[in-house]
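Peer 1: Starting from the known structure of chain A, fit chain B onto it as the hints suggest.
One-letter residues, chain by chain:
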Amino acid sequence: MASAYLIATFADPEALVGAVEAIRARGFKIYDVYAPCPVHGLDEAMGIRRSRLPYVTLAAGALACAATAAFEFYAAVFDWSLNVGGKPDNSTLAFVPIAFEMTVLAAGLATAGAFLLRAGLFPGSAPKLAGPPVTDDTFAVALRWRPNAFDTGEARLLLIESGATDIRQTVGDL
Amino acid sequence: MAESLQPVEDPNRAYVGAGTPPVIAPGHTFGTVTDKISAIVLTRRTPLGWYAGFLLAGSFAFLLLVSLTYLVTKGIGIWGNNIPVGWAFDITNFVWWIGIGHAGTLISAILLLLKQTWRTSINRFAEAMTLFAVACAGIFPLFHTGRPWLAYWLFPYPNSMSLWPQFRSPLIWDVFAVSTYATVSALFWYVGLIPDLATLRDRSQSRAGRVIYGMLAMGWRGSARHWHRYDTAYLLLAGLATPLVVSVHTVVSFDFAIGIVPGWHTTIFPPYFVAGAIYSGFAMVLTLAIPIRAVYNLEDFITMRHLQNMAKVMLVTGLIVAYGYGTEAFISWYSGDKYEGFVPMNRIFGPYAFYYWLLITCNVIIPQALWFKRVRTSVPVLFVISLIVNVGMWLERFVIIVLSLSRDFLTSSWGRFAPTFWDWSTLFGTVGLFVSLLFLFLRFLPMISIFEIRTLLPEAKVSDE
Chain A
1 MASAYLIATF
11 ADPEALVGAV
21 EAIRARGFKI
31 YDVYAPCPVH
41 GLDEAMGIRR
51 SRLPYVTLAA
61 GALACAATAA
71 FEFYAAVFDW
81 SLNVGGKPDN
91 STLAFVPIAF
101 EMTVLAAGLA
111 TAGAFLLRAG
121 LFPGSAPKLA
131 GPPVTDDTFA
141 VALRWRPNAF
151 DTGEARLLLI
161 ESGATDIRQT
171 VGDL
Chain B
1 MAESLQPVED
11 PNRAYVGAGT
21 PPVIAPGHTF
31 GTVTDKISAI
41 VLTRRTPLGW
51 YAGFLLAGSF
61 AFLLLVSLTY
71 LVTKGIGIWG
81 NNIPVGWAFD
91 ITNFVWWIGI
101 GHAGTLISAI
111 LLLLKQTWRT
121 SINRFAEAMT
131 LFAVACAGIF
141 PLFHTGRPWL
151 AYWLFPYPNS
161 MSLWPQFRSP
171 LIWDVFAVST
181 YATVSALFWY
191 VGLIPDLATL
201 RDRSQSRAGR
211 VIYGMLAMGW
221 RGSARHWHRY
231 DTAYLLLAGL
241 ATPLVVSVHT
251 VVSFDFAIGI
261 VPGWHTTIFP
271 PYFVAGAIYS
281 GFAMVLTLAI
291 PIRAVYNLED
301 FITMRHLQNM
311 AKVMLVTGLI
321 VAYGYGTEAF
331 ISWYSGDKYE
341 GFVPMNRIFG
351 PYAFYYWLLI
361 TCNVIIPQAL
371 WFKRVRTSVP
381 VLFVISLIVN
391 VGMWLERFVI
401 IVLSLSRDFL
411 TSSWGRFAPT
421 FWDWSTLFGT
431 VGLFVSLLFL
441 FLRFLPMISI
451 FEIRTLLPEA
461 KVSDE
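Chains A and B, in that order, give the protein sequences. Following our numbering, the numbering of the first sequence begins with 1 at its first residue and continues without gaps. Following our numbering, the numbering of the second sequence begins with 1 at its first residue and continues without gaps.
Next up, chain A with everything else stripped away, as it sits in the complex:
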């Protein structure tokens, strides 16, 4: 879906965060911000909500822990109980290490999987770049332009005041 964007680039994160705050304060809606590294304070400036990823981790871990413990109990007590040196069939403590390892395994896979899924990242996914230098040394803010959505002149002025090094309009898919 091709749209028109106004892309402003910045040389350092300090200017970027300032610009994001200024743009939002004036009522413009930011389409996205691009950075070559995580920027401290950008999440708050953009108003991004706290990620719910930890709930996925917790759920996957808890589920795997319970399922593994239950399975070990089933296999060792009900399905095929073996007397090994007179130890009880339900040697609960001995079931802990595997239940723990499976908890970590499931939680790790679910966390990474949920992150990639939610971010729409997969092999072959097109890199919708605001310009190649955003993976090198440049920071960028993108505003999506719709007819009458915002005053381009005012937006440009605001971005220049905030320290943008370059402003350009592009049509494409970001």
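Just so you know, the hints here were simulated from the structure itself, not pulled from any lab data. Careful, some of the hints might be misleading.
So the derived list for chain A, only partly shown, Cβ under 8 Å to chain B, looks like this [said to hold, decoys possible]:
id, residue
1, Tyr34
2, Ala35
3, Val39
4, Leu42
5, Asp43
6, Ala76
7, Phe78
8, Leu82
9, Gly86
10, Phe95
11, Pro97
12, Ile98
13, Ala119
14, Leu121
15, Pro132
16, Asp136
All C-beta atoms in this analysis are idealised placements derived from N, C-alpha and C, irrespective of residue type, glycine included.
Peer 2: Relative to chain A, chain B alone:
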């Protein structure tokens, strides 16, 4: 070191004093960091030295292939293992390699949670080292089963024999611990690589580079929303890897501690194994970091600060290990059990006493030199000490495994172990495999995390209003 008086913004500085070398040399910008690290990978001309090193390492990896092929055709009788010494070089090598891997996870996960920014320049290749070490470790128990093609029997799956693995056995715990460790380490490493793969994709001059790095980068575009989730995911994975790394060597120690063999049946094993793992792992990171930073001119990123900090970690974990040796000997006397009491006597005066004293020299006596700043700041001396500790930690596992098994309860069942050519060839073969994989990693992936180094730069700092 005059330039060390103006270190970059660094939270550690408050605690370690102003004279400490910086974690990154001054004068770098976002652009120079990207250029310097990605150029090693994206250069069109592979250095001749790389080919020479890869050929040498590869020939040892080939020796591993030959050894394992011969093992499969003849059986594990080609090794020196016997009754009573049923575990020997194979399990010694397994524990040694797994232990080496632990430093990678410690650096990448635990130091991340502790906000130790100096970890940033060494975490990537330390994690790679973890993966390769775990791969080498896995070979030993797998082939020691004698029939590696039936190794899947170790996992619970519905089968026509309607049998389940014995979940009360520490060897089965080990299967789960090591396979989880390998998977989660790979995951953590890969997630950490994604932004750097995108950098390589966008800078690569060749079509193949753009396509391959592009597939691997999975469309990463540096979006702030992605970074937000990325940071959360990375922290969560670090939080998971932290208890995992402690659990893995604990479970490895259970392989011994759950048994009743004198010298194995010891409650101090879990913490003492974990400390030993970190000790040997940091020794290996130093062994690798010192030549790599010199060959690739990475002294700007892997500074004296890193080498000194790693030396300090080695000193501390080495002391914990030494304390473990002391406790082990004391408790075997204090227990009043004559079989346990025999263990330290056998180690000190028995037929393998030479190896025990060599172990004490390598692991306890020589590393005490690290107390001196002169030693910690001398790169060649650090390199030699790291090699000595690697050998010492291998000897420690040999002493625990072979000495305990060779002389247990009944004198009539005592025996001796002598390694064969194939024992040695398999050990050196895995070293060759490890170094070969490392060479491939250095050539094709950024050995230092580019995006994390960017966050260390003074210009990355955003002041709080």
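Peer 1: Is the shortest C-beta separation between Ile98 of chain A and chain B less than 8 Å?
Peer 2: Cβ of Ile98 of chain A sits 5 Å from chain B, so the hint holds.
Peer 1: Tell me if the interface restraint on Val39 of chain A is satisfied: Cβ within less than 8 Å of some Cβ in chain B.
Peer 2: Constraint on Val39 of chain A satisfied, holds at 6 Å.
Peer 1: Double-check Gly86 of chain A for me: the hint is only fine if its C-beta lies closer than 8 Å to a C-beta in chain B.
Peer 2: For Gly86 of chain A, the interface hint is violated, since the closest Cβ of chain B sits about 12 Å away, which is over 8 Å.
Peer 1: Please verify that hint: Phe78 of chain A, Cβ, nearest Cβ of chain B, below 8 Å or not.
Peer 2: Violated: closest Cβ of chain B sits about 11 Å from Phe78 of chain A, beyond 8 Å.
Peer 1: Min Cβ distance, Pro132 of chain A to chain B: is it shorter than 8 Å?
Peer 2: 4 Å, holds
Peer 1: Can we keep the Pro97 of chain A interface hint, with Cβ of chain B closer than 8 Å?
Peer 2: Holds. Min distance 4 Å.
Peer 1: Just to be careful: measuring from the Cβ of Leu82 of chain A to every Cβ in chain B, is the smallest value less than 8 Å?
Peer 2: 7 Å, holds
Peer 1: Hint check: is the beta carbon of Asp43 of chain A less than 8 Å from a beta carbon of chain B?
Peer 2: 5 Å, holds
Peer 1: Are Ala76 of chain A and chain B close enough, Cβ to Cβ, to be under 8 Å, as the hint says?
Peer 2: Holds - the Cβ of Ala76 of chain A comes within 8 Å of chain B, reaching about 6 Å at its closest.
Peer 1: Leu121 of chain A was flagged as interface toward chain B. Is the shortest Cβ-Cβ separation under 8 Å?
Peer 2: At about 4 Å, which falls below the 8 Å cut-off, the nearest Cβ of chain B leaves the hint on Leu121 of chain A intact, so it holds.
Peer 1: For the restraint on Ala35 of chain A, tell me whether the closest CB of chain B is nearer than 8 Å.
Peer 2: Interface hint status for Ala35 of chain A: holds (5 Å vs cutoff 8 Å).
Peer 1: For the hint on Leu42 of chain A, just tell me whether its beta-carbon gets within less than 8 Å of chain B.
Peer 2: 5 Å, holds
Going down the numbered hints, you'll see the structure goes against 7, 9, while the others check out.
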